[in-house]
Amino acid sequence: MELLCIRQWISGLLPTWLSAWCIKPVGGALVRQEPEYILLALMGSPLKKIMLCSSEKEIFSVEEQVMVQHSVIINNMIEDGSYNHEESKIPLDCVDSKTLKKVIDYCTHHTHHHNDNQEDLEAWDAQFLNVDSNGLYDLLMAANYLEIRNLLDLIYGTIKNMIKGKKIDEIRRIFNIKDHGFTPEEEEQNRKEYPHFY
Amino acid sequence: MSQVFGFSGGDDFCTGGSVYANPKDANIFLSLGRSVDFYYPLPKRSRISVSFDLDGDWFEQKQKTSIEALPDECLFEILRRLPAGQARSACANVSKRWLMLLSSISNSEIYSNANEKELSDKEGDDLEFGDEGFLSRSLEGKKATDVRLAAIAVGTSHRGGLGKLSIRGSNSDRGVTNLGLKAVARGCPSLKAFSLWNVSTVSDEGLIEVAEGCQKLEKLNLCKCSAISDKALIEVAKKCPNLTELSIESCPQIGNEGLQAVGKLCANLRSISIKDCTGVGDQGIAGLLTSASVVLRKVKLESLAAVSDLSLAVIGHYGFSVTDLVLNCLPNVNEKGFWVMANGRALQKLASLTIGSCRGITDAAIVAIGKGCPNVRNFHLSKCAFLSDNGLVSLTKAAPSIESLQLEECHRFTQFGFFGILFNCGAKLKALNVVSCYGIKDLNLALPAGSPCSLTSLSISDCPGFGNANLAVLGRLCPRLKHVELSGLAGITDAGFLPLLESSEAGLVKVNLSGCLNLTDIVVISLANSHGWTLEVLNLDGCRNITDASLKAIAVNCPLLSDLDVSKCAITDAGIAALARGKQLNLEILSLSCCSSVSEKSLPALRKLGNSLIGLNIRHCSAISSRAVGMLVEHLWRCDILC
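Protein sequences appear in the order of chains A and B. Under my numbering, the first residue of the first sequence carries the number 1, and numbering increases by one thereafter. Under my numbering, the first residue of the second sequence carries the number 199, and numbering increases by one thereafter.
Incorrect hints may have been included.
[Claimed, not checked] Here are the simulated EDC-like cross-link-like pairs (lysine to aspartate or glutamate), alpha carbons at most 16 Å apart as the crow flies:
1) 294(B) - 153(A)
2) 294(B) - 186(A)
3) 547(B) - 561(B)
4) 341(B) - 193(A)
5) 160(A) - 271(B)
Hints are computed from structural coordinates only; laboratory data are not their basis.
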């Protein structure tokens, strides 16, 4: 009953000729149509949504256009028809919810704001990547898995800039490299040969 | 109720869409947004294991993930973007994994977009990939590991490029493998000289990688590489057109096919040296010489059992540009082979010929060579057991351009042959060098007077039979001697040597009398008096009877003397003092090793001599304490002191 009230409330907001479309009887059951579907259907662009399921089994709904534009993996899945809009969701078992949220964030922002000027976009990107190192690596792994080229380039560039110009001891500390893998003699020789790097 | 759930969509709890047009807005109220439609409990989030720190950072995640958790491909992409230069070299030392990844990046894979290039140009980073190949590195024994190779490959790339790499031996635990060579191939495109000795862990794959990556390779040297076969050599021949020098030793898997490919494809090959390779035979040599005949200058074939007369025939017919030929220890080559080689008439440019341990060299063969290769200036014959006096004298007569003859361990050579050569060499022969020929004995009959020859350099070492009588005749026959070496001849005494000094008209420049135990001061004093104005090098090592008197004479009479060796002589401090007093003396190298009578009293004299000295040997001088040596080292800082 509550559902009907809400629907009526929504349909009350829409012009009457539109609300007629909200409830459709299909095969005896009431088929609910989201108002924005109809709106957009009228406007001419299909706002198809796809569902992404994180490793924590949380479902995220996102515009197909957005993900298809950025993620090669998702694009391939949709193109070869393995994704059925009505039924399936895309399981992403190696991406957790927090990261998936951020990834979706990035993709949507870049799709909707791709006409903005370079500086604004770069500023948004810098803000976007203002996370701790764990979050950065998680983002990188997610972008790698989903094959989101521009996010990957962005993160690679950021990490590269974190490395560039720093001394080796600092790099090891920042990136938490505990075991450098050299034998003690090799490490000693390296320190002797390149003292200015350490 | 069933009507509520009877809507299209999945049976899952998800509503199939967000209430908000922009999903981003839903973030804040996500859980609320869902419960607008119906209630479902929040899914339990799996927590990353947190080590509970009760310091107050309880809510923060304490465990910091390391960059090492990233897969290789991601780390590769990050490292690929580092500009060539300081950054890369620094990263090569961060960890072994980073080093190996960096070394696998070839210069075509380094990623730099236009913005970055501008930025780093402003910062002054050197982005140029060195392609001149100025640097040279050598790894030996324990230090030869893959990690070192990778470090070299990454470290030299921006500082002028690696031009020469030599790997000798390999660490027994973590030695050089194909991986290390791959790193070199990726990082050192300007490699010109590559030397691989005694590395059995490297196989064809590694050398093929080097051939692909270092196409400017000019010199290749393989020794005791048991895992390298023809396959790798063929690839090198295909990919490295600039190859000029190839040297292969003790590589059992390299055979004729590899050499044939080299002959066909390496048009610039100048020098080839093959030693102890069981797989190399006539076909390989023939393939090499018939194709590369245009520029091959130096040919060295040593210890090849499969090489027979046929190879020599090919050399004799196709070796138009060969200037240096070395044939050592070829057991299956007979006299006929040498004869055919000589008569092939192609070896017209041959200037230097070295033959050793070949039973095919007989008198007839050597004379044929002397006639057939008219421009040979230097003959070096060693361990030729079948060469006798006749052959050598005939050679001296027949070879029109002979300038230098060296005979080593040719035991059928006697004093008759020796003087026969001196009689017949006329104006041609300038240098005669006889080493360890035990057939030479002292003359016991008088020889007719002969015209003097123009020999300027004579060296006789370790021929125990050589005695005074020979020396006397020598003096008459060789008045123009400048370099005399009579080493290890215990049979010589003053009586024999003095006439030689007297008859020498030209003025001796280099005299080496080492090991002539029976010579005394008289010889040296006479030498200093008559040849002091030309003498530059004097070696009296082991002449036990030489005393301070000699040094006094030298100090006064030998202004040009620069190298003096009086090791094991009976000299004392007084002699050194006398040397120092010599006003005109400008010694550069002085050797006093094993002189037990030289003590610390000589230090002032040595300091004075040290003004011009660049090398001083005071090894085993038991009377000089280490403190004194220390003081000497401090004072003579310009001098290289061996102690």
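Indices of hints not satisfied (ascending): 1, 3
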